[in-house]
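Trainee: Chains as they are written, first to last, in my numbering: chain A, 1 to 124; chain B, 1 to 111.
Worth flagging that the hints you see were computed from the coordinates, not collected in a lab.
C-beta atoms are modelled at their ideal positions from N, C-alpha and C, and glycine is treated no differently.
Treat the hints with care, since some could be wrong.
Unchecked claim - Listed below are the simulated DSS-like cross-link pairs for lysine-lysine, each with C-alpha atoms no more than 27 Å apart in a straight line: (1) A:LYS43 to A:LYS67; (2) B:LYS47 to A:LYS43; (3) B:LYS107 to A:LYS67; (4) B:LYS47 to B:LYS107; (5) B:LYS107 to A:LYS78; (6) A:LYS78 to A:LYS67.
Said to hold, decoys possible - Reference excerpt, derived from the structure (chain B facing chain A, CB under 7 Å, subset only): (7) GLY43; (8) PRO61; (9) PHE64; (10) TYR89; (11) TYR93; (12) GLU99; (13) PHE102; (14) THR104; (15) THR109; (16) VAL110.
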Amino acid sequence: EVQLLESGGGLVPRGGSLRLSCAASGLTFTSYAMSWVRQAPGKGLEWVSGISHSNSGDTTYYADSVKGRFTISRDSSKETVYLQMNRLRAEDTAVYYCATFSGSRSSDWFFDYWGQGTPVTVSS
Amino acid sequence: QSVLTQPPSVSGAPGQGVTISCTGSSSNIGAGYDVHWYQQLPGTAPKLLIYGNNNRPSGVPDRFSGSKSGTSASLAITGLQAEDEADYYCQTYDSSLSEYVFGTGTKVTVL
Numbered sequence: 001e002v003q004l005l006e007s008g009g010g011l012v013p014r015g016g017s018l019r020l021s022c023a024a025s026g027l028t029f030t031s032y033a034m035s036w037v038r039q040a041p042g043k044g045l046e047w048v049s050g051i052s053h054s055n056s057g058d059t060t061y062y063a064d065s066v067k068g069r070f071t072i073s074r075d076s077s078k079e080t081v082y083l084q085m086n087r088l089r090a091e092d093t094a095v096y097y098c099a100t101f102s103g104s105r106s107s108d109w110f111f112d113y114w115g116q117g118t119p120v121t122v123s124s
Numbered sequence: 001q002s003v004l005t006q007p008p009s010v011s012g013a014p015g016q017g018v019t020i021s022c023t024g025s026s027s028n029i030g031a032g033y034d035v036h037w038y039q040q041l042p043g044t045a046p047k048l049l050i051y052g053n054n055n056r057p058s059g060v061p062d063r064f065s066g067s068k069s070g071t072s073a074s075l076a077i078t079g080l081q082a083e084d085e086a087d088y089y090c091q092t093y094d095s096s097l098s099e100y101v102f103g104t105g106t107k108v109t110v111l
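Make a model of the complete structure from these sequences and hints.
Mentor: Written out as structure tokens, the structure is:
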């Protein structure tokens, strides 16, 4: 059974930093591209960032709303993906979900397995 | 502002069918990118419902089906059940934004 367990969320002041972690199990980690998706309170889903599977050289992708502030990375030895979030803003307040990316080509990727999410609150 | 537009809500009686539309443009659905659908039950993480326009992951009932035409896609639910009450989101890739985009979301209510 595939499991994704996020951690690292919490309350942080505006302008601060936070690092989220997502530990994966039950899958061949190096074969999966990984991503982060967030959901602000009472709002819809927003893709945040993605990283290709290790065989593709760890190419990273970002939504414009976080580019230059967030950094995604992965550690295959720990089967964990990270999201380093800097210069946090009030509008970054959301539940952050880790999800696997699947699909035949990157432009057709979809999110097949999801974690339960970790909440991030940026105080203003 | 999402580039994929869905109706805010749809409803139907148990046993009936509903359809949720997802309207995009030439830089996303109209460009030929696959459309995927997710179900989010209250208080839970989203779950993949349909991938690659019309494919169901293992365990998803065949009451759920997807289709795509032009710059739009649709999710059809037949034989509505109480457990289908949830939010539903479409998703694809947008080449103008170079981003993976979600629809605005649709709340399905079973009357």
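Trainee: Does TYR93 (chain B) hold up as a contact with chain A if the rule is Cβ-Cβ below 7 Å?
Mentor: Holds - the Cβ of TYR93 (chain B) comes within 7 Å of chain A, reaching about 5 Å at its closest.
Trainee: Would the pair LYS43 (chain A) and LYS67 (chain A) pass a check requiring their Cα atoms to be no farther apart than 27 Å?
Mentor: holds, 21 Å
Trainee: Holds or violated: LYS47 (chain B) with LYS107 (chain B), Cα cutoff 27 Å?
Mentor: Within the cut-off at roughly 15 Å; holds.
Trainee: Less than 7 Å between beta-carbons is the criterion; does THR109 (chain B) satisfy it with respect to chain A?
Mentor: violated, 17 Å
Trainee: Hey, LYS107 (chain B) versus LYS78 (chain A), does the alpha-carbon distance stay inside 27 Å?
Mentor: Not OK: LYS107 (chain B) and LYS78 (chain A) at ~38 Å, beyond 27 Å, violated.
Trainee: For LYS107 (chain B) and LYS67 (chain A), compute the direct alpha-carbon distance and say whether it is at most 27 Å.
Mentor: Cα-Cα ~31 Å, so violated.
Trainee: Holds or violated: PHE64 (chain B) as interface residue toward chain A, Cβ cutoff 7 Å?
Mentor: violated, 15 Å
Trainee: Is the interface hint for THR104 (chain B) satisfied, with its Cβ closer than 7 Å to some Cβ of chain A?
Mentor: At 6 Å from the nearest chain A Cβ, THR104 (chain B) passes the 7 Å test, so the hint holds.
Trainee: Within 27 Å, alpha carbon to alpha carbon, are LYS47 (chain B) and LYS43 (chain A)?
Mentor: holds, 17 Å
Trainee: Is LYS78 (chain A) close enough to LYS67 (chain A), meaning Cα to Cα at most 27 Å?
Mentor: holds, 25 Å
Trainee: Taking the closest Cβ pair, is PRO61 (chain B) under 7 Å from chain A?
Mentor: violated, 17 Å
Trainee: Are GLU99 (chain B) and chain A close enough, Cβ to Cβ, to be under 7 Å, as the hint says?
Mentor: holds, 5 Å
Consistency note: the structure conflicts with the earlier hints numbered 3, 5, 7, 8, 9, 15, 16.
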